[in-house]
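Chemist: Guided by the hints, dock chain B onto chain A, whose structure is given.
The listed protein sequences correspond, in order, to chains A and B.
Residues 1 to 326 (the UniProt record's numbering) make up the first sequence, in order.
Residues 1 to 326 (the UniProt record's numbering) make up the second sequence, in order.
Simulated from the structure, these hints should not be mistaken for lab results.
Every residue, glycine too, gets a C-beta built ideally from N, C-alpha and C.
Be a bit skeptical, because a hint or two may be false.
Cβ-Cβ distance ranges computed for the label pairs, FRET-style [claimed, not checked]:
(1) B:Pro185 with A:Ser119: 32 to 40 Å
(2) B:Lys226 with A:Gly92: 30 to 38 Å
(3) B:Ala313 with A:Met182: 45 to 53 Å
(4) A:Arg50 with B:Ser209: 27 to 35 Å
(5) B:Pro185 with A:Met182: 31 to 39 Å
As a list, the in silico BS3-like pairs of lysine-lysine whose alpha-carbon atoms are at most 25 Å apart [to be verified]:
(6) B:Lys84 with B:Lys23
(7) B:Lys226 with A:Lys226
(8) B:Lys2 with B:Lys71
(9) A:Lys84 with A:Lys23
(10) A:Lys84 with B:Lys162
(11) B:Lys162 with B:Lys226
(12) B:Lys84 with A:Lys162
(13) A:Lys71 with A:Lys2
(14) A:Lys71 with A:Lys23
Protein chains: 2
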Amino acid sequence: MKALVYEDVETLIYRDVPRAMPKEGEHLIRVTCVGICGSDMHAFLGHDDRRPAPLILGHEAAGIIDEGPLKGLRVTINPLVTCKTCTYCLSGRENLCPERQIISLPPREGAFAQFVAMSESNLVNVPEAVPLAKAALAEPLAVSWHAARLALEALEASADRKALVIGGGAIGLAAALALRSMGVPDITMIEPNADRRAFLRDHCGETASATCESDADLVIDAVGFKATRALASARVRPGGVIAHIGLGEDMGGLDIRRMTLQEISFIGTYTYSAQDFRDTAQAIFDGQLGPLDWTERRPLSDGARAFADIRAARVAAPKILLDPWA
Amino acid sequence: MKALVYEDVETLIYRDVPRAMPKEGEHLIRVTCVGICGSDMHAFLGHDDRRPAPLILGHEAAGIIDEGPLKGLRVTINPLVTCKTCTYCLSGRENLCPERQIISLPPREGAFAQFVAMSESNLVNVPEAVPLAKAALAEPLAVSWHAARLALEALEASADRKALVIGGGAIGLAAALALRSMGVPDITMIEPNADRRAFLRDHCGETASATCESDADLVIDAVGFKATRALASARVRPGGVIAHIGLGEDMGGLDIRRMTLQEISFIGTYTYSAQDFRDTAQAIFDGQLGPLDWTERRPLSDGARAFADIRAARVAAPKILLDPWA
Numbered sequence: 001m002k003a004l005v006y007e008d009v010e011t012l013i014y015r016d017v018p019r020a021m022p023k024e025g026e027h028l029i030r031v032t033c034v035g036i037c038g039s040d041m042h043a044f045l046g047h048d049d050r051r052p053a054p055l056i057l058g059h060e061a062a063g064i065i066d067e068g069p070l071k072g073l074r075v076t077i078n079p080l081v082t083c084k085t086c087t088y089c090l091s092g093r094e095n096l097c098p099e100r101q102i103i104s105l106p107p108r109e110g111a112f113a114q115f116v117a118m119s120e121s122n123l124v125n126v127p128e129a130v131p132l133a134k135a136a137l138a139e140p141l142a143v144s145w146h147a148a149r150l151a152l153e154a155l156e157a158s159a160d161r162k163a164l165v166i167g168g169g170a171i172g173l174a175a176a177l178a179l180r181s182m183g184v185p186d187i188t189m190i191e192p193n194a195d196r197r198a199f200l201r202d203h204c205g206e207t208a209s210a211t212c213e214s215d216a217d218l219v220i221d222a223v224g225f226k227a228t229r230a231l232a233s234a235r236v237r238p239g240g241v242i243a244h245i246g247l248g249e250d251m252g253g254l255d256i257r258r259m260t261l262q263e264i265s266f267i268g269t270y271t272y273s274a275q276d277f278r279d280t281a282q283a284i285f286d287g288q289l290g291p292l293d294w295t296e297r298r299p300l301s302d303g304a305r306a307f308a309d310i311r312a313a314r315v316a317a318p319k320i321l322l323d324p325w326a
Numbered sequence: 001m002k003a004l005v006y007e008d009v010e011t012l013i014y015r016d017v018p019r020a021m022p023k024e025g026e027h028l029i030r031v032t033c034v035g036i037c038g039s040d041m042h043a044f045l046g047h048d049d050r051r052p053a054p055l056i057l058g059h060e061a062a063g064i065i066d067e068g069p070l071k072g073l074r075v076t077i078n079p080l081v082t083c084k085t086c087t088y089c090l091s092g093r094e095n096l097c098p099e100r101q102i103i104s105l106p107p108r109e110g111a112f113a114q115f116v117a118m119s120e121s122n123l124v125n126v127p128e129a130v131p132l133a134k135a136a137l138a139e140p141l142a143v144s145w146h147a148a149r150l151a152l153e154a155l156e157a158s159a160d161r162k163a164l165v166i167g168g169g170a171i172g173l174a175a176a177l178a179l180r181s182m183g184v185p186d187i188t189m190i191e192p193n194a195d196r197r198a199f200l201r202d203h204c205g206e207t208a209s210a211t212c213e214s215d216a217d218l219v220i221d222a223v224g225f226k227a228t229r230a231l232a233s234a235r236v237r238p239g240g241v242i243a244h245i246g247l248g249e250d251m252g253g254l255d256i257r258r259m260t261l262q263e264i265s266f267i268g269t270y271t272y273s274a275q276d277f278r279d280t281a282q283a284i285f286d287g288q289l290g291p292l293d294w295t296e297r298r299p300l301s302d303g304a305r306a307f308a309d310i311r312a313a314r315v316a317a318p319k320i321l322l323d324p325w326a
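Okay, chain A solo, but in the shape it has when bound (with noise of 0.2 Å):
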């Protein structure tokens, strides 16, 4: 099958590899979408140790089950595959398993090729009506749908509701729908790059700001620097909650003095629950999180120069979605 492989630092190659292999209780997945992550943009510069070279990347994929009784089943894919047996498993915190894998991490091989292999407990039917492009967002908006689920189950009762969002790409994005989804009705965002204000404005029906003079009881972080956490703790209320998606720089940035003189909360939040996860995907179907129609196609096989126009922010669609099949 077709793949691309990060290779080395900088270096995806599309080329060849040997078809994925489905295990036992595995189905053989053919890939028809699959986007491109800010971790996976991460990798590729040599940033994630989790994810070293040579490596299919790629997590964020839908496709058409290829073989057995299932074949031509339409479905959206968790990526996250976990025990289902430990403490955190068994209370519905599946994120948190020891043994968590994700494709795209070894020893899985990720989803920027033809074909990638999962068990059917990972997978989410997907109705006809629904295009796979949409269902191909399931698994970037269930991270910040469980972002934002953490964030309003930590807020006081009493306290109001009012959020920031930092951060234009997807994942602010998808967590200003979530947001928005579970009844929070004033939403700012906080985008510098002006190209993305203008692409949120005008495909997204979203208002992004440059700079924050406003406050919040409730900030999502989607991006995960010194300068965004500094932010977020500056502008979140007393007895605010911050929840924190983004690894952009691993440490820093958080005012610990006022957090700890007007009690906020900041909660690190990675992936989501399998019940997040069909939460989302079902919220996607119903039509909940909008159109989902400001992504980007392009083939995969162009997929490095895909890689180049994100890193030199000459993308102002918050997301690419790779075709394996174009």
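Modeler: Just chain B now, kept in the frame of chain A:
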């Protein structure tokens, strides 16, 4: 009246000052015991912009109402004065009131004095059987009670409740006592000072370790320095909670990458709600927090020496109580 006045950085003078003057609705209280807090030491060293000299420090006090119809009533003092009308006050989070005042911060003088003024709603009646030297501990114990309560509320119901308390001073010891009274059986304390560890063992029945190799679902950082936050964020289990009380250093220390990937929550905590203060006082009165006999008592007139001894680490007891009438 006599008072111990913070005159300049590292300068405390015991001298005559005008007697405290109750405003309308306030009582004049004859102070019988007042504890030295880490934040008093912080101010004494010139490290707290909120407490500029000249100022009477001290906010952990118990005493006897000296005038009026309630004359003779034995009370412990909640030093936190709030507006009672804002959203925070009305929802029982008075410590987040934007108008909050605390005695020993301008415009309110503190309790290192023979008298202090305080409104009746901030006073808790102390039963005759309870010595005022124990009742004066309500304030520091309430700080830890509040942090322990918030941490337990934030912890997932399915999580274990193994606890780690960093710091064996009064706040750390009080956190261990509060957690135990709330039903947490497995508590590890960390205290680097060998004299203090020996005191905790011999006088408080608590085992503290110099270093920590084990992990915990719940960590209370009762110190608040970079190094203690680094320890907290390294030792807390996936999905766990760090409750942070201290104001040692303003920034840094947290391993935010780990906190994000392992979904760790950090909760800033400051003082207590009015209900927490009352609950803590009741727990003292009921003996739930142990004999509370681990304090050292000195005359207020010798307060400057007490500060010097604490600073030079010559005090093993977690708390010195000063007596303005000795």
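Chemist: What are the numbers of the hints the structure violates, in ascending order?
Modeler: none
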